[in-house]
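*Asks:* Residue numbers (the numbering used here), protein chains in the order written: chain A, 16 to 442; chain B, 14 to 145; chain C, -13 to 324.
Each hint should be verified, as a subset may be incorrect.
Interface residues of chain A toward chain B, partial, derived using beta-carbon atoms under 8 Å [as the list claims (entries may be wrong)]:
1. Leu236
2. Gly237
3. Arg280
4. Asp283
5. Val300
6. Thr301
Everything labelled a hint here was simulated from the structure, so no lab data went into it.
Quick reminder that beta carbons are idealized off the backbone N, C-alpha and C, glycines included.
So the chains spell out like this:
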Amino acid sequence: MSARRRVVVTGAGVVAPAAPDVPGLWKNLLEGRSAVGPIRRFDASAFPTRIAAEAVAPSGGPASVLERELGGRGRIWDFAVEAASQALAAAGLAPRGPWAASAGLSVATGMGTYGHAEVFGAAAAGTARGGFDGKAFAEELRIGLLPHAADRQSPGALAARLARAAGIGGPLLASMTACAGGTEAIGDAFRWIRRAEADVVLAGASDSEIYPMGLASFCLLGTLSRRNEEPARASRPFDGERDGFVLGEGAGFVVLEEREHARARGADILAEVAGFGSACDAWRVTDPHPEGLGAVLAMRRALDDALLSPGDIGYVNAHGTSTRGGDRVEARALGEVFGPRLGGVAVSSTKSMIGHLTVAAGAVEAIVTALSLRDGRVHPTLNQELPDPECEIDTVPEGARRVALRAALSSSFAFGGQTACLAFVRA
Amino acid sequence: MKPSPSEIEARVLSIVADALDQPAERVALDSSLVDDLGAESIDFLDIVFRLESAFGLKIPEEEIWQGSFDGVGDDPDAIAERLAQLKARRPGFRWDRIPARPTRSDLPRLITVGTVVEYLEKRLSEGAASPE
Amino acid sequence: MKERRAVVTGLGLVTPLGPSLQATRSTLAAGRSATAPATLFDASPFASALAGEVRDLDARARFRVSKALKLCDRRTRFAVCAAAMALEDAHFPAGPSDDLGVAIGTSGSDLGAEELSAALARADDPALAARDTAAFGEAALGGLNPLWLLVHLPNMTSAHVAIQLEARGPNTTVMTGWAAGLAAIAEGAAWIVEGRADAVLAGGADSAVHPFAFAAFEQEGLLSGPSPLVPAEGAAVVLLEERETALARGARILGEVGAHSLAAGPRLAALAAGARPAPSQRLERHAGNLLAAHAPAALVLALVEGLSGPVAAVAAGPAGEASSLLILPPDGAARSAA
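If we strip away everything but chain A, and leave its shape as in the complex, we get (with noise of 0.2 Å):
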């Protein structure tokens, strides 16, 4: 049997919440730095739920090249031509240069972007008259349209236009797990490297719920911690007051690569991607399965495919959301996973400090676990003030913390019973 091909991560680009890139974000995750604050972007007096994690796309710097063609479409774009550009310039690979034609690309976005007058100009239009005048609404639709709107609307576009910009012209996905989805596409890409499909991918996820309809859809489900007065301790992850998640936005991408690839032409790698795992709960549509068997299944399958055992893993990125039932079964899962080792593991949840980024979050997460077996250290959980007897996992809670590091885990759980985790070693 040939030997497995090894896949590297040689590049990585972020747009997260007060933080424009990766040493950005790094240094506040380990300075134990909330980025939630007070909804600004818009007037959320009305909502239940007030606060978030608001992300800026910086301008100029090495975006210039891939935003001309992909402008003009929303932050959500706009974060992921910044995040994968970053990821570009840090390996050391110019956008069209040789290296893409038979290079990969794998994203995961959001349901669409659309405009809010957009939208509601139309909604407003088809409940002028009482009742609903569908005639009225899709008139409205089309009269007040926003260029890009076939785009927009497809998530599959993005990644086929940033494909085109970026002169890839190799395997092209565009997933939608929802809150897993970041680690998928991330997965997505290992695997492709793995069978010899591609020898370099760029992978990532870009999202934002973080506009007057994705708050009040999400208040709706009553999934959002409503500490509006206290923005900073409003993410408590596994902590006995939590209350709910807070939204977050950007995106993370990296540039995965076949290793002997990578160490040929001087690469820098950050870590190693050694398996992914998923699978789904098949449960409920909203609560996960109680004893978390869609979670257990990931991370089982991740550390199979990775050949490693539970004793290896000495970090575990927590999916970690700050909710009262889905902490409580991760905290099952990993329980179950680790058994009696689990008191050897260190868990921290990113989400902690720069709140639910979505669809974006696992690929943001993998990024801060790729980094952390870099330095051999791992961020704290924020806000660990009452234990919950029904958590009882070591969460970071008194600062950043070295470890030794040889091996760590990445998570994710999605709404409709989605899992996914990745399993990285250190480089």
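Could you slot chains B and C onto chain A? The hints should help.
*Replies:* Okay, now just chains B and C, sitting in the frame of chain A:
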């Protein structure tokens, strides 16, 4: 005009049956929404929304469910004591399915169609309804 | 370790031509067309109102947990039904399985025009909600169904398939536009070859018969001219299985997944050369364009007739996304076991 108790009951039975996609004959006052009728968390949101539309009320989140456990908190002894009181009030309920020392996460299982009807009767008699 | 191979053992189809594979084939054989002015919504403001709509689908009959129906939009209902049909067609054992995966491709989302309007209907000034977010907040939080997001999130399509059919294997929703359904089948086959699943329900499900899609198509100029795009809807799902497992349970093997590509350009053309094309154009003439479900639907129609040689399915979308798949006839061993 305020609906009569039997009207309230009939509407609630119909809404619950609809939201949980259950045949009418399976839905009784003592039916646990979770254990007998298969409700999950989002179904509670759905039912509240439909009740708000049907009765012209604003129902603050959680209020409809807290009724039985107001002020009890997480203390297992306090929960057990309140449980004993409820058992006395609701002999027709399937108490055998509830653990002897329930935790907070068991409590939604106690919610029945009757719980909902009681809450609405109370709200509507306070004159909180707006005309439909 | 012996090389794993992915084979097709079951087919499920829901199209405007009929709510099943059999019904679709009959309508096609009779030469009838299913395209007509849209009835699902008032499309008269658009340059073309022609659409291909699914009719007479008894989704309830295919839902093991019927309570989920209220959360399922059209494309999700189609996906669950087509997936259930594929399992039935394959005589696959029912019941929970850790080794059964789900990979469904879809394109955009209908946001629910009527629900959004209903949300604003109670506001004193609905038009204000379109401009003022505080007014919007009040209206939406009082008037929008709290389950709205769950109905329209694209990943819920493959989640519902998994819930209804108790499939705990890998699960993904592919969204590479019109290429998504075929890409999902390619991914499903890859999972099997990699040993991540022993069986996968894979295919496409889509519904473009709503104002959001029509408005975007019109903006691109696709609804004008002598042969406008006819947006349609439907789902096509195949059951893929690992070959040895399929043979061991006596499954009928329809074909084997050969080369596949998620890239556009020369790899696509090379793959399709020398193979019979799946009847995409014929399907489009009669049923409209099923978007992410289109190429998988054409593939299903090719497979049901039995393969004497390889068949190629190719999908390409307006933004440049592409996928292609080659299905080979079952080899001698598989044929004699069937």
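*Asks:* Confirm or reject each hint.
*Replies:* Okay, the hints, checked on the actual structure:
1. Leu236: With Cβ-Cβ at 7 Å, under 8 Å, it holds.
2. Gly237: 6 Å, holds
3. Arg280: 50 Å, violated
4. Asp283: Given a least distance of 45 Å, the restraint on aspartate 283(A) is violated.
5. Val300: 6 Å, holds
6. Thr301: Threonine 301(A) check passes; min Cβ-Cβ to chain B is 5 Å, inside 8 Å.
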